[in-house]
Amino acid sequence: MINPICQILGIQYPIIQAPMNWLTDARFVAAVAEAGGLGVLGPNAGDKDPALDSAGQLRREIRRIHQLTQKPTGLNIYSPAAEDKANLDYALRNIGLAFEEGMRIFALVGEPNEALFSAIKAQQGRIIFRALTPTVANAQQAEQMGADILVATGIDEGGWIPRNQIGTFSIVPTIVDSVRIPVLAAGGINDIRGVRAAFALGASGVYVGTGFLTTIESPTAENVKQLIIQSRAEALQFVTPIQRSIPTPFAKQLAQRYQQGEDEASLTAETELRWAMREGKLDKGIISVNTAIDLIKQKQSVADVIHQLMADFKQE
23 MINPICQILG
33 IQYPIIQAPM
43 NWLTDARFVA
53 AVAEAGGLGV
63 LGPNAGDKDP
73 ALDSAGQLRR
83 EIRRIHQLTQ
93 KPTGLNIYSP
103 AAEDKANLDY
113 ALRNIGLAFE
123 EGMRIFALVG
133 EPNEALFSAI
143 KAQQGRIIFR
153 ALTPTVANAQ
163 QAEQMGADIL
173 VATGIDEGGW
183 IPRNQIGTFS
193 IVPTIVDSVR
203 IPVLAAGGIN
213 DIRGVRAAFA
223 LGASGVYVGT
233 GFLTTIESPT
243 AENVKQLIIQ
253 SRAEALQFVT
263 PIQRSIPTPF
273 AKQLAQRYQQ
283 GEDEASLTAE
293 TELRWAMREG
303 KLDKGIISVN
313 TAIDLIKQKQ
323 SVADVIHQLM
333 ADFKQE
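According to this note's numbering, the sequence shown is numbered sequentially starting from 23.
Some hints could be false.
With beta-carbon atoms standing in for the labels, derived distance ranges [to be verified]: (1) Leu119 / Gln330: 43 to 49 angstroms; (2) Arg115 / Gln29: 27 to 33 angstroms; (3) Gln282 / Gln166: 41 to 47 angstroms; (4) Ile24 / Arg115: 20 to 26 angstroms; (5) Lys319 / Gln166: 40 to 46 angstroms; (6) His329 / Gln281: 37 to 43 angstroms; (7) Lys107 / Asp316: 22 to 28 angstroms; (8) Arg215 / Gln248: 33 to 39 angstroms; (9) Glu284 / Ile24: 47 to 53 angstroms; (10) Gln282 / Asp111: 25 to 31 angstroms; (11) Gln330 / Asp106: 35 to 41 angstroms; (12) Ser288 / Arg115: 28 to 34 angstroms; (13) Asp111 / Ala159: 24 to 30 angstroms.
Hints were generated in silico from the structure; no laboratory data involved.
Think of the CB as a built atom: it goes at the ideal place given N, C-alpha and C, for glycine as much as any other residue.
Make a model of the complete structure from these sequences and hints.
Printed below as a string of C-alpha coordinates:
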(Lines of atoms letter the chains of each structure in order from A and count residues from 1; the text may use other names and numbers.)
(Lines give C-alpha, C1' and ligand atoms only; values in the text may rest on other atoms or scores of the structure.)
Protein backbone atom coordinates (compact mmCIF):
# COMPACT_ATOMS: atom_id res chain seq x y z
CA MET A 1 0.00 0.00 0.00
CA ILE A 2 1.30 3.46 -0.89
CA ASN A 3 1.55 5.80 2.07
CA PRO A 4 -1.11 8.53 1.69
CA ILE A 5 1.29 11.36 2.57
CA CYS A 6 3.73 10.20 -0.09
CA GLN A 7 0.92 9.80 -2.61
CA ILE A 8 -0.55 13.26 -2.01
CA LEU A 9 2.78 15.11 -2.03
CA GLY A 10 4.74 12.98 -4.49
CA ILE A 11 7.59 12.27 -2.06
CA GLN A 12 9.50 9.12 -1.13
CA TYR A 13 9.15 9.22 2.66
CA PRO A 14 6.32 10.57 4.84
CA ILE A 15 8.45 13.17 6.59
CA ILE A 16 7.90 16.92 6.33
CA GLN A 17 10.48 19.46 7.48
CA ALA A 18 8.90 22.14 9.65
CA PRO A 19 9.28 25.64 8.15
CA MET A 20 11.04 27.34 11.07
CA ASN A 21 11.21 31.15 11.07
CA TRP A 22 14.66 32.42 9.94
CA LEU A 23 15.99 28.84 9.88
CA THR A 24 15.41 27.66 6.32
CA ASP A 25 17.02 28.47 2.99
CA ALA A 26 17.19 26.99 -0.49
CA ARG A 27 20.13 24.69 0.28
CA PHE A 28 18.46 23.25 3.37
CA VAL A 29 15.02 22.79 1.78
CA ALA A 30 16.53 21.18 -1.33
CA ALA A 31 18.58 18.80 0.82
CA VAL A 32 15.40 17.56 2.51
CA ALA A 33 13.74 17.07 -0.86
CA GLU A 34 16.73 15.26 -2.35
CA ALA A 35 16.76 12.88 0.65
CA GLY A 36 13.14 11.93 0.02
CA GLY A 37 11.19 14.19 2.38
CA LEU A 38 9.27 17.40 1.80
CA GLY A 39 11.40 20.49 2.31
CA VAL A 40 9.39 23.59 3.21
CA LEU A 41 10.60 27.17 2.86
CA GLY A 42 9.83 29.13 6.02
CA PRO A 43 9.43 32.82 6.88
CA ASN A 44 12.48 35.05 6.31
CA ALA A 45 14.17 32.25 4.39
CA GLY A 46 17.59 32.73 2.88
CA ASP A 47 18.35 36.10 4.43
CA LYS A 48 19.93 37.19 7.71
CA ASP A 49 18.16 40.55 7.68
CA PRO A 50 14.56 41.55 7.09
CA ALA A 51 14.35 41.88 3.31
CA LEU A 52 13.34 45.28 2.01
CA ASP A 53 11.96 43.52 -1.07
CA SER A 54 10.35 40.50 0.58
CA ALA A 55 8.56 39.35 -2.57
CA GLY A 56 11.77 39.54 -4.58
CA GLN A 57 13.68 37.66 -1.89
CA LEU A 58 11.04 34.91 -1.78
CA ARG A 59 11.05 34.58 -5.56
CA ARG A 60 14.85 34.33 -5.65
CA GLU A 61 14.88 31.68 -2.94
CA ILE A 62 12.26 29.55 -4.69
CA ARG A 63 14.27 29.77 -7.90
CA ARG A 64 17.40 28.69 -6.03
CA ILE A 65 15.52 25.66 -4.71
CA HIS A 66 14.49 24.69 -8.23
CA GLN A 67 18.09 24.99 -9.39
CA LEU A 68 19.10 22.50 -6.68
CA THR A 69 16.28 19.97 -6.92
CA GLN A 70 13.40 18.98 -9.17
CA LYS A 71 11.67 17.10 -6.36
CA PRO A 72 8.58 18.48 -4.59
CA THR A 73 9.05 21.29 -2.08
CA GLY A 74 6.63 23.59 -0.29
CA LEU A 75 6.11 27.08 1.06
CA ASN A 76 4.98 28.09 4.54
CA ILE A 77 2.08 30.54 4.68
CA TYR A 78 0.70 32.12 7.84
CA SER A 79 -3.06 31.53 7.80
CA PRO A 80 -4.72 34.40 9.68
CA ALA A 81 -8.19 34.84 11.10
CA ALA A 82 -10.74 35.85 8.48
CA GLU A 83 -10.93 39.42 9.76
CA ASP A 84 -7.16 39.97 9.53
CA LYS A 85 -7.19 41.57 6.07
CA ALA A 86 -3.58 42.79 6.06
CA ASN A 87 -2.09 39.34 6.70
CA LEU A 88 -4.62 37.74 4.38
CA ASP A 89 -3.62 40.00 1.50
CA TYR A 90 0.07 39.32 2.17
CA ALA A 91 -0.56 35.56 2.21
CA LEU A 92 -2.54 35.67 -1.03
CA ARG A 93 0.27 37.57 -2.76
CA ASN A 94 2.83 34.97 -1.68
CA ILE A 95 0.58 32.12 -2.79
CA GLY A 96 0.25 33.73 -6.21
CA LEU A 97 4.01 34.24 -6.43
CA ALA A 98 4.66 30.60 -5.48
CA PHE A 99 2.32 29.32 -8.19
CA GLU A 100 4.07 31.59 -10.71
CA GLU A 101 7.35 29.91 -9.77
CA GLY A 102 5.97 26.38 -9.99
CA MET A 103 5.55 25.66 -6.27
CA ARG A 104 2.22 23.98 -5.54
CA ILE A 105 2.45 22.66 -1.97
CA PHE A 106 1.61 24.96 0.93
CA ALA A 107 2.08 24.47 4.67
CA LEU A 108 -0.58 26.72 6.18
CA VAL A 109 -0.02 27.51 9.85
CA GLY A 110 -2.57 29.34 11.99
CA GLU A 111 -6.35 29.29 11.62
CA PRO A 112 -8.47 27.72 8.88
CA ASN A 113 -9.03 30.54 6.38
CA GLU A 114 -11.48 29.85 3.57
CA ALA A 115 -10.05 32.53 1.27
CA LEU A 116 -6.56 30.99 1.41
CA PHE A 117 -7.82 27.44 1.02
CA SER A 118 -9.93 28.45 -1.98
CA ALA A 119 -7.05 30.32 -3.63
CA ILE A 120 -4.83 27.25 -3.40
CA LYS A 121 -7.47 24.74 -4.43
CA ALA A 122 -8.48 26.87 -7.42
CA GLN A 123 -5.04 26.14 -8.89
CA GLN A 124 -4.92 22.48 -7.82
CA GLY A 125 -2.44 23.11 -5.04
CA ARG A 126 -1.93 20.91 -1.99
CA ILE A 127 -2.58 22.05 1.58
CA ILE A 128 -0.89 20.85 4.75
CA PHE A 129 -2.67 22.59 7.62
CA ARG A 130 -1.26 23.02 11.13
CA ALA A 131 -3.22 24.80 13.84
CA LEU A 132 -0.99 26.41 16.46
CA THR A 133 -3.33 24.87 19.05
CA PRO A 134 -4.89 21.79 17.45
CA THR A 135 -8.47 20.90 18.35
CA VAL A 136 -11.10 18.58 16.93
CA ALA A 137 -13.09 21.64 15.83
CA ASN A 138 -10.32 23.32 13.82
CA ALA A 139 -9.19 19.98 12.38
CA GLN A 140 -12.68 19.26 11.06
CA GLN A 141 -13.06 22.83 9.82
CA ALA A 142 -9.79 22.60 7.88
CA GLU A 143 -10.84 19.27 6.41
CA GLN A 144 -14.17 20.74 5.27
CA MET A 145 -12.35 23.69 3.65
CA GLY A 146 -10.20 21.33 1.59
CA ALA A 147 -7.04 20.53 3.55
CA ASP A 148 -5.23 17.51 2.15
CA ILE A 149 -3.17 16.76 5.26
CA LEU A 150 -3.37 17.88 8.90
CA VAL A 151 -0.61 18.28 11.47
CA ALA A 152 -1.36 17.33 15.08
CA THR A 153 1.17 19.11 17.28
CA GLY A 154 1.80 18.26 20.93
CA ILE A 155 3.25 20.37 23.71
CA ASP A 156 6.51 18.42 23.27
CA GLU A 157 7.32 20.61 20.25
CA GLY A 158 9.75 23.47 19.85
CA GLY A 159 8.49 26.84 18.66
CA TRP A 160 5.03 28.08 19.66
CA ILE A 161 3.59 25.58 22.13
CA PRO A 162 -0.13 24.71 21.89
CA ARG A 163 -2.12 26.62 24.49
CA ASN A 164 -4.18 23.57 25.39
CA GLN A 165 -0.96 21.92 26.62
CA ILE A 166 -1.87 18.48 25.30
CA GLY A 167 1.03 16.11 24.65
CA THR A 168 1.86 14.49 21.32
CA PHE A 169 0.77 11.05 22.54
CA SER A 170 -2.70 12.42 23.33
CA ILE A 171 -3.38 14.89 20.52
CA VAL A 172 -2.34 12.66 17.60
CA PRO A 173 -4.96 9.90 18.08
CA THR A 174 -7.57 12.51 19.01
CA ILE A 175 -7.12 14.31 15.68
CA VAL A 176 -6.70 11.07 13.71
CA ASP A 177 -10.06 9.82 15.01
CA SER A 178 -11.84 13.08 14.18
CA VAL A 179 -11.05 13.37 10.44
CA ARG A 180 -10.84 11.26 7.29
CA ILE A 181 -7.71 12.85 5.80
CA PRO A 182 -4.16 11.78 6.78
CA VAL A 183 -2.50 13.29 9.83
CA LEU A 184 1.15 14.10 10.54
CA ALA A 185 2.42 13.80 14.11
CA ALA A 186 4.54 16.67 15.43
CA GLY A 187 6.31 17.37 18.69
CA GLY A 188 9.35 15.63 20.15
CA ILE A 189 10.12 13.28 17.25
CA ASN A 190 13.91 13.08 17.14
CA ASP A 191 14.60 9.40 16.56
CA ILE A 192 13.04 6.31 15.03
CA ARG A 193 11.19 5.43 18.25
CA GLY A 194 9.20 8.64 17.91
CA VAL A 195 8.38 7.77 14.30
CA ARG A 196 7.21 4.30 15.27
CA ALA A 197 5.10 5.75 18.06
CA ALA A 198 3.53 8.24 15.64
CA PHE A 199 2.46 5.46 13.30
CA ALA A 200 1.17 3.37 16.21
CA LEU A 201 -1.00 6.34 17.22
CA GLY A 202 -2.56 6.44 13.77
CA ALA A 203 -0.47 9.12 12.09
CA SER A 204 0.47 8.66 8.44
CA GLY A 205 3.74 10.56 8.73
CA VAL A 206 5.83 12.96 10.82
CA TYR A 207 6.48 16.70 10.86
CA VAL A 208 9.97 17.42 12.18
CA GLY A 209 11.66 20.69 13.13
CA THR A 210 14.12 20.39 16.02
CA GLY A 211 15.51 17.14 14.62
CA PHE A 212 16.87 19.07 11.62
CA LEU A 213 18.35 22.05 13.48
CA THR A 214 21.78 20.48 13.98
CA THR A 215 22.16 19.18 10.44
CA ILE A 216 25.10 20.26 8.31
CA GLU A 217 22.82 22.01 5.81
CA SER A 218 20.74 23.86 8.40
CA PRO A 219 21.32 27.65 8.54
CA THR A 220 21.22 27.48 12.34
CA ALA A 221 24.35 29.10 13.84
CA GLU A 222 27.19 26.64 14.45
CA ASN A 223 27.55 27.53 18.15
CA VAL A 224 23.83 26.92 18.58
CA LYS A 225 24.08 23.51 16.91
CA GLN A 226 26.75 22.52 19.43
CA LEU A 227 24.72 23.90 22.32
CA ILE A 228 21.66 21.88 21.27
CA ILE A 229 23.77 18.71 21.13
CA GLN A 230 25.16 19.41 24.60
CA SER A 231 21.88 20.47 26.23
CA ARG A 232 19.32 18.41 28.12
CA ALA A 233 15.55 18.73 28.19
CA GLU A 234 15.47 18.97 31.98
CA ALA A 235 17.21 22.35 31.74
CA LEU A 236 14.70 23.95 29.35
CA GLN A 237 12.96 27.06 30.66
CA PHE A 238 9.62 28.64 29.83
CA VAL A 239 10.17 32.22 28.72
CA THR A 240 6.49 32.87 27.91
CA PRO A 241 3.42 30.67 28.46
CA ILE A 242 3.86 29.23 24.96
CA GLN A 243 7.65 29.26 24.44
CA ARG A 244 10.52 27.42 26.04
CA SER A 245 14.26 27.80 25.48
CA ILE A 246 17.64 26.39 26.25
CA PRO A 247 18.81 28.63 29.13
CA THR A 248 20.86 31.21 27.25
CA PRO A 249 21.74 34.36 29.20
CA PHE A 250 18.91 36.17 27.43
CA ALA A 251 16.45 33.33 28.02
CA LYS A 252 17.26 33.29 31.73
CA GLN A 253 16.35 36.98 31.96
CA LEU A 254 13.08 36.40 30.12
CA ALA A 255 12.26 33.38 32.28
CA GLN A 256 12.76 35.43 35.42
CA ARG A 257 10.51 38.19 34.11
CA TYR A 258 7.90 35.58 33.13
CA GLN A 259 7.98 34.07 36.62
CA GLN A 260 7.54 37.54 38.09
CA GLY A 261 4.32 37.93 36.11
CA GLU A 262 5.34 40.24 33.28
CA ASP A 263 2.83 40.63 30.48
CA GLU A 264 2.98 37.86 27.86
CA ALA A 265 2.79 40.23 24.89
CA SER A 266 5.84 42.23 25.97
CA LEU A 267 7.86 39.05 26.53
CA THR A 268 6.80 37.51 23.22
CA ALA A 269 7.92 40.62 21.35
CA GLU A 270 11.50 39.86 22.43
CA THR A 271 11.62 36.18 21.44
CA GLU A 272 12.51 36.46 17.74
CA LEU A 273 14.55 33.41 16.72
CA ARG A 274 16.86 35.33 14.42
CA TRP A 275 19.30 36.69 16.99
CA ALA A 276 20.35 33.55 18.82
CA MET A 277 19.40 30.71 16.49
CA ARG A 278 20.46 32.27 13.17
CA GLU A 279 23.10 34.79 14.28
CA GLY A 280 24.47 32.85 17.26
CA LYS A 281 24.13 35.80 19.65
CA LEU A 282 23.12 34.02 22.83
CA ASP A 283 22.83 37.26 24.78
CA LYS A 284 20.13 38.54 22.42
CA GLY A 285 17.72 35.68 21.83
CA ILE A 286 16.21 32.34 22.74
CA ILE A 287 16.90 28.84 21.41
CA SER A 288 13.57 27.12 20.94
CA VAL A 289 13.70 23.31 20.81
CA ASN A 290 11.50 20.33 21.57
CA THR A 291 11.60 18.26 24.75
CA ALA A 292 13.45 15.33 23.15
CA ILE A 293 16.77 17.13 22.60
CA ASP A 294 18.59 14.53 24.69
CA LEU A 295 18.24 12.26 21.64
CA ILE A 296 20.25 14.62 19.40
CA LYS A 297 23.85 13.57 19.93
CA GLN A 298 25.80 14.75 16.88
CA LYS A 299 25.78 16.94 13.80
CA GLN A 300 24.73 14.97 10.71
CA SER A 301 23.62 15.56 7.16
CA VAL A 302 19.94 16.03 6.37
CA ALA A 303 20.04 12.76 4.42
CA ASP A 304 21.42 10.87 7.41
CA VAL A 305 18.67 12.20 9.68
CA ILE A 306 15.92 11.28 7.22
CA HIS A 307 17.31 7.83 6.54
CA GLN A 308 17.57 7.12 10.27
CA LEU A 309 14.04 8.33 11.00
CA MET A 310 12.62 6.43 8.02
CA ALA A 311 14.79 3.32 8.40
CA ASP A 312 11.92 0.86 8.66
CA PHE A 313 9.56 2.63 6.30
CA LYS A 314 9.09 0.83 2.99
CA GLN A 315 7.00 1.78 -0.01
CA GLU A 316 5.29 -1.29 -1.38
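How the hints compare with the structure:
| no. | hint | verdict |
| --- | --- | --- |
| 1 | Leu119 / Gln330: 43 to 49 angstroms | 35 angstroms, violated |
| 2 | Arg115 / Gln29: 27 to 33 angstroms | 30 angstroms, holds |
| 3 | Gln282 / Gln166: 41 to 47 angstroms | 43 angstroms, holds |
| 4 | Ile24 / Arg115: 20 to 26 angstroms | 35 angstroms, violated |
| 5 | Lys319 / Gln166: 40 to 46 angstroms | 43 angstroms, holds |
| 6 | His329 / Gln281: 37 to 43 angstroms | 42 angstroms, holds |
| 7 | Lys107 / Asp316: 22 to 28 angstroms | 44 angstroms, violated |
| 8 | Arg215 / Gln248: 33 to 39 angstroms | 24 angstroms, violated |
| 9 | Glu284 / Ile24: 47 to 53 angstroms | 51 angstroms, holds |
| 10 | Gln282 / Asp111: 25 to 31 angstroms | 39 angstroms, violated |
| 11 | Gln330 / Asp106: 35 to 41 angstroms | 40 angstroms, holds |
| 12 | Ser288 / Arg115: 28 to 34 angstroms | 30 angstroms, holds |
| 13 | Asp111 / Ala159: 24 to 30 angstroms | 26 angstroms, holds |
Of the numbered hints stated above, those contradicted by the structure are hints 1, 4, 7, 8 and 10, listed in ascending order.
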